[in-house]
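Q: Chains as they are written, first to last, in this note's numbering: chain A, 1 to 494; chain B, 10001 to 11091.
It should be emphasised that the hints constitute simulated quantities derived from the structure, not laboratory data.
Treat the hints with care, as some may be off.
[As the list claims (entries may be wrong)] One side only, chain A facing chain B, incomplete, derived with CB under 8 angstroms: (1) PRO31; (2) ASN94; (3) GLU95; (4) GLY105; (5) ILE204; (6) GLY371.
All C-beta atoms in this analysis are idealised placements derived from N, C-alpha and C, irrespective of residue type, glycine included.
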Amino acid sequence: MKIAYKYLLPAFFLLALGSCKKSFLDVNTSPNSPVDVPPRTLLPNAEVALGFTNGNELGKVAALLMQYNAGIAGSQAGAYDQWNIGSLDNQWSNELYTNTINNLGIIVQKTEGTSRAYAGVAKLQMAYAFSIATDLWGDVPYSQAAQGLDENGFLKYPQPRFDAQQDIYLGNASLGIKSLFNLVREGIADINSPSILKPASDDIVYNGDLSKWTRLGYSLLMKFALQVSNKAPDTTRAVINDIVNNNRPFINDVNGTLDFNVPFSKANPNPYYLQDIGGTIPNTQLLSTRFYNLERSLNDTIRLSKFYNRPTGVYVTYDNGSPFAAPLPISSRSQYSTYVLGATRSGEAPIRLVTAFRNYFILAEAALRFGVTGDANTYYQNGIKASMISTGMTTTEISNYFAANPTIVTLTGTTDQKLQQIILQKYIASVGNAIESYNDYRRTGYPALQAPTVTAGDDPNIFPWRFPYTVQEGTSNPNQPNPRPKTNVKVWWQ
Amino acid sequence: MKKLRLLLLFGLLCAAHLLHAQGRTVSGTVTDSLGIKMPNVSVQVKNSRVGTKTNDQGEFTLQLPANNSTLVISSVGYETEQVTAPASGNLLITLNPNRQNLQEVVVTALGITKERRSLGYATQTVKTEAIVDKGETSLLNALQGKLAGADIVGSSGAAGASTSIILRGITSFTGNQSPLFVVDGIPISDATDESTISLYTNQSSNRSSDLNVNNIESVNVLQGPAAAALYGSRAAHGAIMITTKKGSGRRGVLDVTFNSSYSQQRVYGFPELQNKYGQGTNGVFNPTTTFSLGPAFGSTPSLFNGLIAPPNTTYYVNGAFYTAGQTVPFQAYPDNILSFFKQGQIFENNLTINTGDNRNNFGATIGNSQQDGILPNSSFKKTNVGFNISNYLTDKLSVKASVTYFATVQEGPTQGSNGSYSAYANVYRIPRSVDFNYYKNNYTTPGGYNNWFIPNIYNPGIQDSSAGAAGDNPYFAAYKNPIRSNISRVLGNVTLGYDIHSWLNVSYRVGLDTYTDRRKRSIAIGSSQVVRSVFTNTSGTTTGGIMEDVYYRNELNGDLMITAKKNDIFLHGLNANLLLGHGINQQKFQQVDQTGYGLAIPNYYNISNASNLSLTNEYEYTKRLWGVYGSLSLAYNNYLFLELTGRQDHSSTLPAAKNAFFYPSASLSFVLTDALKMNSNILSFAKVRAAYARVGIDPPVYSLDNVYTTGSAGNNVSFYQFPFGSVSGFSISAALGNKGLTPEFTSTLDLGLNIGLFKNRLNIDATVYNSKSTDQIVAVALPASTGYLNKYLNIGAMTNKGLELTVSGTPIRWKDFSWNVSGNFSFNRNKVTAIAPGVTSFSFGGVAFSGLAPTIAVGEPYGIIRGSKFVTNDAGQRLVDSTTGYYLNYKSDQTVLDPNRDWIAGLTNSFTYKRFGLSVLVDYKKGGQFESFTVSTLRALGALKVTEDRDQPFVLPGVIDMGNGKYRPNNIQINGQNFYNVALGGSTGSTTSNEFAVFDATTFRVREVSISYDLSGQSVNTKIFKNIRLTVFGRNLYFYAPNSPIDPELSTQGASGVGSGTATSGGLVRGLELGSAPNTRNIGISLRATF
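Given only the sequences and the hints, what does the whole structure look like? Please build it.
A: So, in structure tokens, the structure goes:
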């Protein structure tokens, strides 16, 4: 018994105390993930995230709605094709708000004080990402979205407000909403401010060339200005005139050297390749008979051959909303070609987010409709040329096309007829970024599209003017309108 | 003083010994009900200290005192008998096994044994005979229906599929809900490790299924936290205390048990299918569709209905080509889907050897079971080898040790609802007119590629085109793309004990549970199941792949325990028992997986055969905890018992500054019949008890910090992952950390009553409890617009109230015939009482299945499932579109189903007649709902029996808004195909209502029936064997689910919480049948011989 008191009990307490040592319990730092990373590792992911978001499912839906492609009945693409869009949770939640916007927000938070070049670059991309969100879904979380944490580690806005699209584009001081225009302007100012760290090879789009980022900034202002033209034509006119008249730098090289293109490679292929060829659910869409017929009617066959391939020497197409079996064999179908999938059709083509050709079409429309300085027809022809160059057409091929098709490449007729021509060419040039043509179509009604043979979705009688809000956001954010607006409700800028 | 008292006690015993020398001598033999002689049985003269024990031949001789001839014969596990000694001759006494012996000893927390009468909280005991020889190799499945307050649900009938168990309802919003499994005092893992993409892989087994049911002596279930408080956070959801078979405790006796069983499994409970319409859509034949919405069988072939091949078209139907103008043979293959499920079988052998005496014991066991599953090429094989010793090295120093090695191999095809991965999902998608037998015999094309009626670019030999990757021929997937899981596990423990004094003992126990689960998934060249065909050599050619997945888990426990016992402390009849302890626990986990594509050599599945290595991931964690604990038990005159416990834990997963948490328990047991001397032949025993306990749970590992992850995004269609060339990219994790996390707590009040009537022939045990769980640690789903998808928070509260009732008795006990009944009834009412300020509901982070989100909502029970429902008017009538006839619109975030049951009950009736025994277990589960993807898929595809009436038009029940606040009944007809395929929600898509695939899970089931025959060695005058028992058994012989077209007892997620593969962010998801393999009906035979 004495032994017990003398040795065992002290031993017990010693053991207990020994275990108290901090090191025993100090094992709760994750060995799996870093707790902090430098901005140079965040920027490349954010750039790819932006391009991927544009080209993945959202771009696919838009390309089907805009009838570049036709989706095969029974597949997810077939559902999109028939206007049945569904809840794009993965796109809204993972691709757009968390992976793209939040990472851009973190870059801004990390660098706004000392390395404003990074902050500026991030703000421009953020503005672009938010424009995708509001253009597709209408009113979306913006001013309170991805605003990070307060000093206590709590979210500043745990349930972000859904800002009105008008406020997102134009701002609303009383609600504390900064316009997309001002977000871009802030970004441009940041880029041109002193900065300790500057993007270099981590900037996989522009390789650290800040002057190109400035050009992107002004290009975004032009894009946004045209987007709101139905509702705020004065803004459209003022913004674009400022750029043109004051020689602000923007993406204007017809050879495409300034374009904001997110690069992909064979090893890291672009989503179009994965959707149609390389992924687990390929071959669910092919060239739409309608787009094919359009291109044939315009004699635009060389450019078409860059957009879509002809495995058997002829174009094998499919009609939008077709309830019938798709043409067989699969290997005969016309799918995206080198322009969208890369020279070897292995996904090495970039996602073309902001391009010279689209800027020229913007200028053409702005000159035509809003009296912006410059000749609409010249802008128009530059747009066509720049697009053809970017598809890989040779100078000879382009000049031959211009020579052979003067009525197509020259604006004629009423303002509306000219507008129709501009948007039609912009539409054709926008293969690979159908969200842009989806925006234009909703804004202008051009190009004229026929309803798919079979329609479904929210309202089978009306083209989807917007995407349905997503389930995940709805179940966790009471600010999402419920019941949600159906897809037959137009967005503000329409 | 204390020594003096002990001396006095000793003196009294000596005196008693002297006294009985004066009476007459009585001798006798004690046997059990099978006639086997029982050694070591206590034979006492009533109300005296005179007594002896039987020898190895079951014989005893005793000197009776002059004035007393009543003998009390007792043995643990048997009903005590009282007999009057005859004047002369030998006594022959037979002891009957006791179903619920109130004097029995039960194993409680930390492996401490206590008399049941002393317990102030509810426990249940299941003995070996209730779980062996029933054709079940999984312990959890074998416990089904036998426990009050336990909800046990298997995931499917697939070999090795996991089973979940919940005791007394769910007490945590998220994380693991399963009780702590303890084998001989050592906590072990019951993890279910889901491979990276859980929905698309095989249904993993849970680790308690490694245990050998035949080597289990008893299972004590501690339902509530009061019972398990000393285990701390690990046992917040209750504990399952498993005691393995040990040495016999009889000197020189060698106990050898050999048992062998064989059983067959057949699919049971699959929904009924139609055989009137074949492949096609809109009444038109189409040889490549999965729909059975084509022409009726017997239709005249025409170009119009597609049964004559149209111009420029070649059909490929059941292995034959039909060119333009040719007529396609068109008939039903009624068994085509079900024929995929073959007859499974289980073969089991087990040998146990035990020997020893009171102080030294040795035992060894070897067991093996081989199960061929109902899915082709699926199996579940278990082998275990173990031994245990316990020895007094000196008078005071004892050592106990045991070690068991388990080897478990599970193999099977991929399952789940995703057609492009799952062998199984494609079975459902076979139209009624497809000859599956042809595809069984020709699952590869002549070129070795996948051959399937859905054409595919990957099988150029016969078919070369496809709408999407349609997935593989199920036989191709089963035979060419299996997943194999190899578990190698060691369970060991050593206990050193030292009796410092007769009343003071100190011991140290260390226990280890470690296993490695090595998994390999092979994808054959030619399979369309190419998850990352990015890495295929050339587009359109699948080159196969290999996925290696290794799980390692290691749990170490060390406990120092000092126990002191003191009788007659302070006053006579007050006995005290004090325990002081110190424990450490360390859990380590690592998962490494590697994927390679582009196989150079066919059928050679070594990672070096892959030309493209991609996706190497690693996840590991270490979690540590130490605690000090103590318990004080006081017993007064063996009728009043009080136990107080307390434990302070320190966890590595809590913030360093606040990593300690304390929780107490108190329990009281009062045996009325003894205290008030009121026991009679009618009321033999009565006890009331009360217990209160609070248990804390620490957060999951690494939930405090915000972290960054390698940049990636996308889904199974398309994705990217960094590095991009030489550029690496990182992304903030979508899961927010929380540096302020505190433990969650569950407090429970537990009141109970035990009554024994008619000399304990009828025993009733009733418990009511009320528990409240607070500060729940939850990965709350955040709106994605915050930039994050979830965050760990301490939020909310939840209550569980319920009743558990067990009744057991022996209505008839005649000489040759007895009838025993044991039944249980329980219900639990769970209610979420609070979440967070301003938050009334949330769904588990990152979890939704086709728009169905398992949800926690204030005022509702845990785990309701929310999704879309069609819009209704105020009267609850669904609104119909006045032009289309379809439902107008659907509303998201609606409660679609509640998986919680109203009540569950089980009833076992056992009869013995001479050497025959019959035991029947039926159970009834009332209420609870589930969503069946199997049913909705089959219905949308037009294969389900109910779709036979498709030729008539349908009018959706509902009303049309007349715009003036009034509604008229819908009268717009829609066609039958659209009714089943579109209006009822298709195959539970996210963009429509989910409400039409919800069914009531109420089920009556004949779960177990067994008929046995015993042949004792004595009866045939041999000493070669003691007894041989032959048993014929059946499991799941019949079920009746009035409101469900499919067996409701399927829960695809099984024992694993969603998203809990490596993290614990998910919650337990119930009520989703996501295309499970059907359940089975088992019939078999077993032989058990003891030597």
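Q: It remains to establish, for every hint, whether it holds in the given structure.
A: Against the structure, the hints:
{"no.": "1", "hint": "PRO31", "in the structure": "holds, 6 angstroms"}
{"no.": "2", "hint": "ASN94", "in the structure": "holds, 6 angstroms"}
{"no.": "3", "hint": "GLU95", "in the structure": "holds, 5 angstroms"}
{"no.": "4", "hint": "GLY105", "in the structure": "holds, 6 angstroms"}
{"no.": "5", "hint": "ILE204", "in the structure": "holds, 6 angstroms"}
{"no.": "6", "hint": "GLY371", "in the structure": "violated, 38 angstroms"}
The structure is inconsistent with hint 6 alone, although it conforms to all the rest.
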